[in-house]
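Participant: From first to last, the protein sequence lines are chains F and A.
Residue numbering for the first sequence follows the UniProt record's numbering, starting at 1 and increasing by one per position.
Residue numbering for the second sequence follows the UniProt record's numbering, starting at 1 and increasing by one per position.
Treat the hints as calculated values from the structure; they're not laboratory data.
All residues carry an ideal CB built from backbone N, CA and C; glycine is no exception.
Watch out, some of these pointers could steer you wrong.
[Unchecked claim] Calculated lysine-lysine pairs in the BS3-like style (CA-CA distance at most 27 Å, straight line): (1) F:K63 to A:K25; (2) F:K71 to F:K130; (3) F:K178 to A:K25.
[What the hints assert, rightly or not] Derived coverage of chain F by chain A (criterion: at least 3 residues anywhere in the stretch with Cβ under 8 Å from a Cβ of chain A; other residues may be distant): (4) 88–101; (5) 155–164.
[As the list claims (entries may be wrong)] Beta-carbon label-pair distances, calculated as ranges: (6) F:Q26 to A:T64: 39 to 47 Å; (7) A:H28 to F:Q26: 29 to 37 Å; (8) F:S134 to A:Q37: 29 to 37 Å; (9) A:F68 to F:A25: 30 to 38 Å; (10) F:A25 to A:K54: 51 to 59 Å; (11) A:Q56 to F:Q76: 56 to 64 Å; (12) A:Y76 to F:G79: 17 to 25 Å.
Listed below are the residues making up each chain.
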Amino acid sequence: MSITLAIKTLFSASHSNEWLIGRYAQTGEKKVLELLYDNCADDLYHYLSTQSDPHMAKDICQKTWLKVIEKPHLYQNSGRFSAWLFTIARNALIDEYRKTNRWQPLPDEPRQSLSVVFDYHDSIADKFDKVLLSLPFEQREAFCLQQEGFGLQEIADITHSGVETAKSRIRYAKQALKAQLEKYHD
Amino acid sequence: MTKLHDDSTQSHFETDVSELYQQRKSRHRATASMKRQTLQQAKTSSNWTSLVGKFQLVAIAASTMLLFSLVALQSYEIEHLQPKLEYTSVFIHSFDDTTDQDYSQIKTMYQQHTEDFVQRKALLASHHQKSAVLSQFAHGWELKTCDQELVKISKELVDTLTGMDLINSSLKTGDNVQIAFNAKGLIVGIEPAKNVQQCT
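Based on the provided sequences and hints, a complete structural model is requested.
Facilitator: The following block contains the structure:
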């Protein structure tokens, strides 16, 4: 078992996600898909669950991976595989919101009245969660994508916005987080 | 969190936020059932894709065989099933006596048509010779055209035309007149010429 794991680790370490998706597009090997899934599934699910709820996140994850499975050839070697994956997921999420009339894009300005109520026994992690989830959709999204390691251009591409807009959203999100968490500290 | 308290240490804030974010991620991971379902989908999709691929191969093979069969059948038909040609001999017959008879008839008809043509040509020429100089005589009128042709009109015809008011009664010898012909070349009227005839 340990040998298998070692081989698996060696295999996954020696090949990027971009190589893996190219390989999967050519061969359709289940093993390759599994490696891709292991590399990206947690990041994707966390992003989606932060932007929606666990049930919808699970649903959108399935749809996203299904698209990867069915149309891996649609990935162009112009960027990172994860950026393509998140773009598919984000589009599916927005579609789902629109279908259920829950899509209400908010202005990019910082929310002045952002106020989170903390419980006495809340840990710092709980408070971080509460503040993060209280952020406007776009700001929360930009912040999460940055934390996932995407650059400004990639964030702009995934969210179909401009680089400056993405930058502003991240700044507002961090300002809000800082303000709320400092208040908690006080 | 004490580091967050210091505004001047922005990088510390960034680090702390990233740590909190990673902690949150570790609490929200994709479940094993999700992975199982995804891989199951891949298997189903793979099966379906391979099925479609096999179907495509079978379809290509079948169509190729059909094409070869059609070509072979056509070749066989060309070689063996050509329709037999049937020949009919036609002998050229010689001219008999009736030919001479036909020839004389054709000759007669040709002469008749030639005469008709000459007459019609003369009629057409006379039809166009409308202008003439009038000479009156006791037995009738004579109309002399520019090309020295003479059209004689009997007294009876003059009287008839006069009676029908087709001839101007004031005409006299030496007058320039206009002769009107009908389509058949018959004189249907004689009137004084509006313009004096200028024969060249």
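Participant: Checked against the structure, which of the hints given earlier come out wrong?
Facilitator: Structure breaks hints 2, 4, 5, 6, 10, 11, 12.
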